[in-house]
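K.L.:
Each chain is listed here by its residues.
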Amino acid sequence: MNKVALSLRVNGESHDVVVEPRKLLSDALREDCRLTGTHVGCEHGVCGACTVLVDGRPVRSCLSFAVQAAGHEITTIEAVAQGGQLSALQQALHEEHGLQCGFCTPGIVMTFEAFLRENPDPSEAQIREALSGNLCRCTGYQNIVAAIKKAAAQMQGGGGYVTP
Amino acid sequence: MKPAGFSFHRPRTLNEALDLLAAHGDTAKLIAGGQSLVPVMNMRLAAPAELIDINDLPDLAEIRYQGEFVEVGALTRHHQLAESELVRSRCPLLAQAAATIGHYAIRQRGTIGGSLAHADPTAQLPLIAVTLSAEIDIASSRGRRTLSAADFFLSVMTTALEPDEIVVAIRFPVMVPGEGCAFRFFNRRLSDFAIVAVAATITVEKMRIAGLHLGIGGVAPVPLAYVDLCQRFIGQAADSGRVRELAQAVRDAVEPEDNPRISAEYRRELVQTLTERALTLALDEAKGNAA
Amino acid sequence: MSHPEFLYIGKPGSRKEDYRFLTGHGRYLDDIEVPGALHACFVRSPHAHARIVSIDIDAAKTMPGVLTIVTGRELSEWTGKLRLAPPIDGLHPVEMTTLPVDRVRFQGDPVACIVATDRYLAEDAAEQVMVDYEMLEAVTDMWQALEPGAPKVDETLPSNLLSHQSYAHGDLTARKREAHRVIESTFSQHRQTHIPIETRGCIAIWDQGREHLSFHVGCQAPHPYRTQLAARLRLPETQVTVISPDVGGAFGQKITLYREELTVAALARHLKRPVRWREDRLENLTASAQAREDFCRTRAAVDADGRLLGLELEILEDFGAYCFYPGNYLARVVAMILTGPYKVQDYAFDVKVVLTNKVGNAPMRAPMSVTSWVMEGTMDAIARELGRDPVEIRRINMLSAADLPYTMATKEVLADITPRETLEAGLAAIDYAGFRARQTEARRTGRYLGLGICAVVESTTYGSAFYKAAGIPGSGHEAAWVRIEPTGVVNASVGLGPTGQGYETTMANAVAEGLGVSPQQIRIHLGNTDIAPYGMGSRGARGGTAGGGTLYLCALDARQKVIAIAAKMLGIPDPALLRLIDGRVERREGSEWTPTHVGLADIARTAYLDPTALPQGMSPGLEFHKTYDPPPMTYSNATHFCEVEVDTATGGIRLSRYLVAEDCGTLLSPTVVEGQQHGAIAMGLSGALFEHVQYDETGQNLSGSFADYLVATAHELPNFEILPMHTPNRLTPAGLKGMAEGGVMGAIGAVTNAVNDALAPFGVVVNRQPLTPMYLRDLLRGKIQEPVAK
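Chains as they are written, first to last, in the working numbering: chain U, 1 to 164; chain C, 165 to 455; chain Z, 456 to 1245.
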């Protein structure tokens, strides 16, 4: 077992971990950094539940090794709500009933926090296309799409965070 | 599904990477985007003893315009390719095809070098490379060489790359005046690999076909460009009748594999339908871009 | 549409449980930290059918991090067998050991369990376990399974025929003789699997001091699970606690006690250390539980107008290799409710269920999913055969309000359903005449649009009387408790198992309505068998009626005592002059209600801390318990409409529009109900179009990853328009009916009927799923001019 010592920078904090090179980033975040908001759904990059941001870009953490993430800024779901305030997207998901069991939700939030920053005024088709990388078995997607549209409008109007 | 163990390397320069490849050869795998490699490792269908992470290599993600070519660095991510103004204006077929790869999240990570090296028979970028007769620059500690796309792809998931070699850049010819292009494919869902994909460019001069490139993916172990077939149509009238004939000719020329899930007949039908649709679009565009 | 007199039930609103899920603070199975827990991993058979000759664990045992490796033999000593032998005619009893000892029956059957310090190391060791198998012939096709001489999946059975039931009512032979036509149709539904985004898993913690097992597992029915687990471990129920945490979806896959979970529990007790297991996606796709593979044939005897004189149904179901449930159950429901909204008394069915060398079946959201497709496909076939409009055929045969209550040929009583109303309202909303005009116009330009209609009558909640009449052991009742705390807030619990349906919100609404306090004052506790009362769990669509109903009734009991105390405190002799609204007592003065100074907190303080001030003879405290047995059967209904366009050149299907007119009775939360409907329709469409568990002839599973087992994404699905037309049930508390599975039934039928409508000009009929482009092209090839480019 050739373990290596790394420093992972997650949500602005450093975590010193000792892991085998093969340890997936998803597992390292959950077990070694104790941030269990990132979920594991398939381990082959299809369901999107494990999506985190690496240097601001969405990455499937199940397709990345923890050793690869050293030196980069990782953002997980735990960092999205700030000071108890939900982001516009989180609030919109709540208002539009865009989650049921909640297992796919963090992956969707992370994907779209990034997507909406680059695509502030997406059409429904564009949203559905981007959302096709996240599988949800509960909602049928419609309310998630409505939430993303609502959040986009909110963010365009200058509202980033809302008090719950 | 946890992968088997490996030793991890993170070279800072291309030469470092090449030395590692030379040292480990067959037991090493390069990792760039990881979107194709890691799933296979997680399922333990691949278990390289050495993993060489090339994401840090500088200068391999540039897109440069060089007169007759657009040169794309191997580490260029799909979304960069799809959104690059340079590629969209100079080599629109490439940008259009890149924009259809997977979905938003996959396009953030996947690289052109990785896609070519992976050589899935229906992937977009191998098809575009073959259709446009792209040139592929390859490096190893033994030196450099260039292969044409047709010579690069040997079979399903098999390329001419030696174990100690890495793709560094790919050169695509730029669009010419009077040219139109189209990329058409059919899949079950948005982000699936295509069952059949068709890439086409057509150049029109004085209402005649002055240039024609046609590439088909999904009918052979590698994407194929039907160069001789296209030659036969040079000089003919650039109209819908010719397009229909061409689509029929391509349908007759392809020899897809027959299997219980997808019959050879079905693939042939798709080839004809998609070729006709692609060329119709390309022709309209060409007429609009007439010199 | 909410019932006008409800204050809390029926009001749209956001869910109470969202915050933790949105912020990554949900507590799913794998998130629970258990210091020192060991990790389990299973060695599985690569063969579909084989004798286990030997298992060599010598090399694996020495691998880093490995503590122990066990096989079926050890587990036979530590645990009892499962015997499934309900007293049902035509159903063979079956037995199952914890892990196979002698034979494996499907590719993926677990044969050994490795326990190591982490999952990575456990998987390394699993690769080193050497199992010597003697290959046996496998049977992977349900027809083949029925043939004499077919390889036997279960050696204790005379053949692969697990279950066979038939029934006849009226005189079908006579009806067929008299008929203008007898129209035969077939329907082949393919094998699917549940794929919750969170796979299965469990954590077993054995307390050696108390000799008590705490078992964390995502579970839809915690108490029945606890009973089973205790029995298999040969422990009294007092020594086992089952705790279901947040669950990332279940859809029927997380009801029964499976072999892997039982193995982990036994290991924890044996090792006296906590052991945990997480099913990975490969296991979930290939070795968990599957569903839906069945073949149905109908023969409809009709008169010249298309009126149904008699109907015959045959079903053959492929149940896989193991029985996690009684084999007759699922197919039996289909046969029982098939005629749904139609009037026909001469009816017969024959249902056969066979075993094959594939993963065993578990009910999957709408286990009776094929029902409406079969019935509605039959109606469309009648229309096609007689050259009539499919809507007219439905109108001639469908139940009207005047026909209710209607006793079906199977003795089921239909009441308080509105199939005709939802059909007509939906037709108007989708502009049926307008569609036909557009369809005609489109055909002129070589475009093929289709509209499919699917009427659904969904059996949601089974009462104990139903089980008794059907000879199935088991109860349909539910249990609840409500406790008003000394400070006036309310804790409540019910025996359901949440897996994403929003019970913390809907059940709070039920309590709120029964008692008279805001849902914000109520917390619902679920999933822990030590805390929740013994209930039958969440299955079918019983949560609303059985769960919500019991809580509502329990809360009404609470209200009665609360008002009686308030009456004493206020010196008002007649409790009818008082009511509780938002936790405040109001008194009636003439026709007006005015607030008093007494609130629930005051009443609670008195009840707990000053009991001598209570009314004469009243006991202290405000804790209530209730059980409720719903009527034998409760139904909700809907009519689904799906518009498609088929690209005849490629066989591709585009879903242009989807609308459902629904009557789900009283809604605990319209918001949650809407979400459930979306999810059910999405699952039905995804199944009909994309999902397919495929095995080759040797029993190798060909769909072991999401690259092969395709699921609909946001891009493939349309928006779902919902037309609410809710009417209450007159027998259930608050008029609840329940829903959540009918969407699957409707979607499967609506999309298939739509494709047939689109392809009508070519004289082809799709009668199997999934509706792949390749299948459509196979049907069209030769029937159509060379495709025109668009």
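To be clear, the hints were calculated from the coordinates, so they are not data collected in a lab. All figures in this text were calculated on a predicted structure; none of them were measured in a lab. Hints should not be assumed to be uniformly reliable.
Stated by the list, open to error - Below, a sample of chain C positions facing chain Z; criterion: calculated Cβ distance under 8 Å:
| no. | residue |
| --- | --- |
| 1 | Val204 |
| 2 | Gln395 |
| 3 | Arg396 |
| 4 | Phe397 |
| 5 | Ile398 |
| 6 | Glu419 |
| 7 | Leu434 |
| 8 | Thr437 |
Beta carbons: idealized from backbone N, C-alpha and C, even for Gly.
K.L.:
Next step is simple, just say for each hint if it's right about the structure.
P.N.:
Now the hints, each set against the structure:
1. Val204: violated, 10 Å
2. Gln395: Constraint on C:Gln395 not satisfied, violated at 23 Å.
3. Arg396: Not OK, violated: C:Arg396 not within 8 Å of chain Z, min 20 Å.
4. Phe397: Constraint on C:Phe397 not satisfied, violated at 17 Å.
5. Ile398: Violated. Min distance 22 Å.
6. Glu419: Violated, about 18 Å.
7. Leu434: Hint holds; C:Leu434 Cβ to chain Z Cβ min 6 Å, cut 8 Å.
8. Thr437: holds, 4 Å
Hint check: violations occur at hints 1, 2, 3, 4, 5 and 6; the rest are consistent with the structure.
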